[in-house]
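**Student:** Taking the hints as your guide, dock the two standalone chains into a single complex.
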Amino acid sequence: MIKANFSRASLELDAAGETTRIVETLRRQLARDLHRRGVVVGLSGGIDSTVTAALAVRALGREKVFGLMMPERHSQSESSPLGLKVAESLGIEWIEEDITGILESVGFYRRYDEAIREVIPNFGPAWLSKLVIGGVAQGNGFTTFSIVAQSPDGKVVRERLPLHAYLGVVAATNFKQRTRKMLEYYHADRLNYAVAGTPNRLEYDQGFFVKNGDGSADIKPIAHLYKTQVYQLAEYLDVPLDIRQRTPTTDTYSMPQGQDEFYFALPYAQMDLCLYGLNNKLSSDIVATAAGLDPQTVERVWSDIMRKRTTTRYLHLPPLLIEEI
Amino acid sequence: MKSQIRKFVVDTFLFGSDEDMTDGSSFLANGIIDSTGVMELVAHLEKAYNIKIKDDELTPENLDSINAIAEFLAKKQSQPV
Chain A
19 MIKANFSRAS LELDAAGETT RIVETLRRQL ARDLHRRGVV VGLSGGIDST
69 VTAALAVRAL GREKVFGLMM PERHSQSESS PLGLKVAESL GIEWIEEDIT
119 GILESVGFYR RYDEAIREVI PNFGPAWLSK LVIGGVAQGN GFTTFSIVAQ
169 SPDGKVVRER LPLHAYLGVV AATNFKQRTR KMLEYYHADR LNYAVAGTPN
219 RLEYDQGFFV KNGDGSADIK PIAHLYKTQV YQLAEYLDVP LDIRQRTPTT
269 DTYSMPQGQD EFYFALPYAQ MDLCLYGLNN KLSSDIVATA AGLDPQTVER
319 VWSDIMRKRT TTRYLHLPPL LIEEI
Chain B
127 MKSQIRKFVV DTFLFGSDED MTDGSSFLAN GIIDSTGVME LVAHLEKAYN
177 IKIKDDELTP ENLDSINAIA EFLAKKQSQP V
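Residue numbers (our numbering), protein chains in the order written: chain A, 19 to 343; chain B, 127 to 207.
Same shape as in the complex, but just chain B (with noise of 0.2 Å):
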């Protein structure tokens, strides 16, 4: 699951470039992705994993590094639809 994340990252934002970027590096933080950048994470989150991301998940905790995605999205998928 983190290598399709950080494949999404990379070829989305980056253009295939993450030497700097480890699975813990803050998007944020790290000027990888802006405000829209937030909202194409969740578009394709949703569509990828099948799956609703209300307004109070969206939070730095949930979103903001490969880790933070990973975790999240196993909590997601582990809840009842």
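Excised from the complex, chain A in its bound form (with noise of 0.2 Å):
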């Protein structure tokens, strides 16, 4: 019974068994539902990406799987190197493709430079920066966001972005998962494959995705699957110990953001047991004890859970039509 003993080790899945209903679903889906000859994958080096892969060669054979490396210049220096490690331990064909040259020709660099400048009048190219969000963990749906941003000479600022900024930034970064997605559709295309999606639970759940970027895919193996249970499969799978140990980042800006920095009120761990809590009708106290928070801070993360399924749920629907077809 959950309730008595629930505890990370509530979290706990045979591996093994998992590993053989995924890869069963995959081939069935595949061959029946898609009539697709293969898999393609982005890999950005993180574990999500890295378990769907490995999922895709147990089902499909290595053959049969295409790995897809596109760093750009914001890109994390380990990211790539990491994907490469992951594509020849996996042993499937890949290919590295810099998308640095397809942003500047849509001006990503530049709109999202104007956008930052609205609040920080001296940034610049030679910038880092990053977006991150205040006032989730108080769940009570006033968010705020932020741009940290850091000079040439080290000096690091914070500022309140207003909407237009905000909107500015967002819209801008999507060109990134956009990109990375034409891409992976023109390789799956060309090969007669279909296009795995990498989002976890949590991820999927709470649409931290965008639309027609990341959030696309004809397949999404792991969408079911806790981040916790993702790294339990990666160790059953024998993922690289430096890809398991690898901190999740969103490697989207110039600076290392953290997902419980940009999205997420806590880290995975927490999130994944409050998360595997509201879903299993557990009360607060238990959560609590489990994920080694207070009560009232588990309600406040399910407000804000339940707040993004809400305000999400767009980003799942199919185009809206005035009348069924």
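If you're looking for bench data, these hints aren't it; they were derived computationally from the structure. Keep in mind that the hints are not guaranteed to be accurate.
Derived PhoX-like pairs (lysine-lysine); straight-line CA-CA distance at most 25 Å [to be verified]:
(1) 173(A) <-> 180(B)
(2) 133(B) <-> 173(B)
(3) 180(B) <-> 148(A)
(4) 133(B) <-> 178(B)
**Tutor:** Encoded structure:
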């Protein structure tokens, strides 16, 4: 019974059994639903894309999985080498496509810098920056978005973003995810493959993806798994240790940005427990004990989870029609 | 002032339809605005009423209903600039 014994151990799964289930499902989806010959996976060097690729190899064989690394100017330096390590350890065909040129062509870097200059007039290409969110842990829905920027001489400034600047930063940054997805589909089309999305359950549930960017895919093999469980599968699938130990990052901004700085109220291990508790109707007292929090914080995190479900629901919707066709 | 605030909320977030919204209705609880909507609201209030809303003033107590906003604006406008 969940209630009496709820702890981090409650998220442990039968890695071998779950791998078999995912593998069998992937084969059926490729053969019967999608009629595609293999899978394209964008490899960021992160745990989610790595486990997705490893599962695809288990399901289809290494010769039917294609890996794609897509760095750009703001990418963390270790992302591509780690992505390459994944591709080589799995023995899959891969290619690196640097998307800096595409992003320059659509004016991403210019638009992004212009948006930030609304609050930091001296901001320019030599600066580093990241978007951070405040107030999420309060769970009252009144979050603030700020830009943290570091000048070339090392000075760090933080400015709250007004609406126009915030939307400008997000809209520009979304070019990255949409450009990467465009390339994934290019390779999928030329190979007659399907495109794998790599969100874990928390990301999928909470709308932590870009519409028609990383949110777009033909299959999402780990969207039902809590991130904690993704790490369990990673160990079972012999994912290299440095990838398993890498701190989750958005790898979107020129300054390293944790997912809990940008979107989630807490680190993923605690978010998983809160989400699991909410999904399984546990009391906040029980979840608090398991997560090392107080019940009031759990309640606030639950409020934030439910609010995000509502506000990001549109990301999951297909196009709305006037009448059913 | 309340009618001006209501007009902004209805025009911006509800496309003219406000049957269910009272002056005391919680915007967030009733799904009228989200976090981006809060930013729109803040931008409008700062411009329309010539005020600056500080980070620690971004609370439901100050902004989550027409009544709350009216009370908050009255307080802000009575403060020395």
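**Student:** With reference to the structure, classify each hint as holding or not holding.
**Tutor:** Comparing the hints with the structure gives:
no. : hint              : verdict
1   : 173(A) <-> 180(B) : holds (23 Å)
2   : 133(B) <-> 173(B) : holds (15 Å)
3   : 180(B) <-> 148(A) : holds (21 Å)
4   : 133(B) <-> 178(B) : holds (21 Å)
Taken one by one, the earlier hints all hold for this structure without exception.
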